[in-house]
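Novice: Read top to bottom, the protein sequences are chains A and B. If you're matching positions, the first sequence starts at 198 in my numbering and goes up one per residue. If you're matching positions, the second sequence starts at 4 in my numbering and goes up one per residue.
Keep in mind that the hints were calculated from the coordinates and are not lab data. In this text, all values refer to a predicted model and were calculated from it rather than measured experimentally. Idealized CB from N, CA, C, for every residue including glycine. None of the hints are false.
Pair ranges (Cβ atoms, derived):
id, chain 1, residue 1, chain 2, residue 2, range
1, A, L210, B, H19, 31 to 39 Å
2, B, L45, A, F285, 15 to 23 Å
3, B, S15, A, L221, 38 to 46 Å
4, B, I78, A, M244, 15 to 23 Å
5, B, L120, A, M291, 32 to 40 Å
6, B, S189, A, L235, 49 to 57 Å
7, B, A31, A, L235, 38 to 46 Å
8, B, H19, A, F285, 41 to 49 Å
9, A, F285, B, S189, 46 to 54 Å
10, A, G225, B, G174, 27 to 35 Å
11, A, P209, B, F125, 33 to 41 Å
Using 20 Å as the maximum straight-line C-alpha spacing, the simulated EDC-like pairs for lysine to aspartate or glutamate come out as follows:
id, chain 1, residue 1, chain 2, residue 2
12, B, K191, B, D23
13, B, K191, A, D264
14, B, K185, B, E197
15, A, K266, B, E25
16, A, K266, B, E29
17, A, K262, B, E25
18, A, K262, B, E197
19, B, K185, B, D100
20, B, K102, B, E197
21, B, K191, B, E25
22, A, K262, B, E29
23, B, K191, B, D100
24, B, K130, B, D144
25, A, K266, B, E197
26, B, K191, B, E29
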Amino acid sequence: MSESKHAHHILPLQTYLGIGTALLILTGVTVWVAQYDLGPINLLVAMIIAAFKASLVALFFMHLKYDNKLYSVIFLTAVLFLAAFIVFTMFDTMDRGLVDSTKARPINDRAVIYDQPAAATPAGPADTIAADSLAGSEPPHGE
Amino acid sequence: MSSENIAAGVTSHVQHHFVDAEQQQESAKLGMWIFLLTEILLFGGLFCFYAIYRSWNPDMFYNAHTHLNITLGAINTVVLITSSVTMALAIRSMQLDQKRAALINLFATLALASVFLIIKYFEYSHKFHLGQLPGKYYTFDGIAGSNPHVFFSVYFMMTGLHGIHVLIGMGVIGWIAYRTNKGHFSSKYYTPIEMTGLYWHLVDLIWIFLFPLLYLIS
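Construct all of the structure, not just a fragment, from the sequences and the given hints.
Specialist: Below, the structure is given as structure tokens:
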């Protein structure tokens, strides 16, 4: 609340232009770094750059740095619940089949790609982990 | 207290149920941030959708993403970030009582948003033409890996919902540009422009994540 007197805080022009330039440079960096295969940290690097860009937008363009901290709390609450949503969903979907075996099947039987003759013969031995079997039992496509 | 302010002649825009202009503005911002929270969670469902199917079909996602045009995606990122800057500058201009500069910045934001949607239109029509469509409408042949139609379900849902937000944002920006031109705002009262700015920056923020997730899978 001590910041409330700064509700009408006017940032200098250079701040906006500087942050804009930083965002454009970081866009260049994220495109550049995507050309290199960094193995398992590819996604992590891309997301760290994106999170940094998002922080710049939220702190300066959306004024969270200068406004009442309550708004930051609301914003971070959304991010926290989104993280919980995704993480707990991944606990489920990545570990399916560890307890009960599940069988892979087409997601959408009516999709055109499943009409191909190759679909009649499921490939390989049935895996018990959904992730593997989903990847393995598909009709070969685009070969 | 409010009569005192009205006597000072600075608060004709303050509704009677607020103590003063600052409380009114803070309340508006609080409401806007709660709305933005629901927006983040709305897109959150689609980010979750993305996470599930990418973890199940990592190779297909890699192969399918090569059919997206990185150049167009990068140009659109630059366009949207620039539009965020012009939007922020429109608010700053109004804080300084520079109505003309505010209008110019609002129109620049509108123009950049149009460029974004035009580029998106070309991307979409190219995919429509090739049959790279979601679910049962997928007729493209040439992406190795399982369930390639799912990638395009993810792609069209995420960029489509984002595109609808851009479209709505353009409508709102047009409306506040009209009101700015009418002289409804000043350095004492510019809350609607500021709220529009918050919304527009969130649209930019979501694209900042969509771009690497969809176009830059490596």
